[in-house]
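Asker: Letter by letter, the chains look like this.
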Amino acid sequence: AQSVTQLDSQVPVFEEAPVELRCNYSSSVSVYLFWYVQYPNQGLQLLLKYLSGSTLVKGINGFEAEFNKSQTSFHLRKPSVHISDTAEYFCAVLTGTASKLTFGTGTRLQVTL
Amino acid sequence: GAVVSQHPSRVICKSGTSVKIECRSLDFQATTMFWYRQFPKQSLMLMATSNEGSKATYEQGVEKDKFLINHASLTLSTLTVTSAHPEDSSFYICSAPVDPTYGYTFGSGTRLTVV
Chain A
281 AQSVTQLDSQ
291 VPVFEEAPVE
301 LRCNYSSSVS
311 VYLFWYVQYP
321 NQGLQLLLKY
331 LSGSTLVKGI
341 NGFEAEFNKS
351 QTSFHLRKPS
361 VHISDTAEYF
371 CAVLTGTASK
381 LTFGTGTRLQ
391 VTL
Chain B
94 GAVVSQHPSR
104 VICKSGTSVK
114 IECRSLDFQA
124 TTMFWYRQFP
134 KQSLMLMATS
144 NEGSKATYEQ
154 GVEKDKFLIN
164 HASLTLSTLT
174 VTSAHPEDSS
184 FYICSAPVDP
194 TYGYTFGSGT
204 RLTVV
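As they're listed, the protein sequences go chains A and B.
Heads up, the working numbering is the position in the first sequence plus 280, with the first residue counted as 1.
Heads up, the working numbering is the position in the second sequence plus 93, with the first residue counted as 1.
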């Protein structure tokens, strides 16, 4: 079975500071990994995904993530956040044997001045 | 890009009535649609998977008679909350797989409030 752990439920950060949102997964087979962002009362928007190839993945809005197979992690990073990055961020995993996404519990990124 | 249009975005209904939520794929064919429920400040919980032309598959603990799912065509899937009660108040989101390289696309969600 696949599972996703987002250890930080909330991450407060000042504008223009760097941020890292942590995601760890467990799966016995190869995985596809995703990060989604959700603004209040909206659906999910894909930030980036790892399917194969380069372990450093760049996404929209200046976000990037690195797939680390040995540590089973897929942490999301941004070197300088903006107020508009305030939102809920979800890590998700999809294994090759399943067609359903499994979501982490989400991390609330709160950017302040 | 692939878009799923979800309507309504918000609905308030009285206890005991039924509410229908629609998800349409606008520029691709969605043979599968996933339906999620999200409580405040929580993650998405998969409720059921609908497949065009066959019965939906419900996750454990989800009442299939309460949450009726229909996948009438390759571009339309609906979720009907029957005999709604206040505890059914939640945010419902649909999602469809597009292709292996694109991944999944999500509807904008429906905020259901049962009074």
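Derived from the structure by calculation, the hints contain no laboratory data.
The structure presented is a predicted model; accordingly, all values stated were derived computationally and were not measured.
Don't take each hint at face value.
Said to hold, decoys possible - Heads up, simulated DSSO-like pairs for lysine-lysine below, C-alpha to C-alpha not over 27 Å straight-line: (1) Lys-380/A / Lys-134/B; (2) Lys-349/A / Lys-380/A; (3) Lys-107/B / Lys-159/B; (4) Lys-338/A / Lys-107/B; (5) Lys-338/A / Lys-349/A; (6) Lys-380/A / Lys-107/B; (7) Lys-380/A / Lys-157/B; (8) Lys-329/A / Lys-349/A; (9) Lys-148/B / Lys-134/B; (10) Lys-380/A / Lys-159/B; (11) Lys-134/B / Lys-329/A; (12) Lys-113/B / Lys-148/B; (13) Lys-113/B / Lys-134/B.
Asker: Of the hints stated earlier, which fail here?
Answerer: Failing hints, ascending: 4, 6 and 9.
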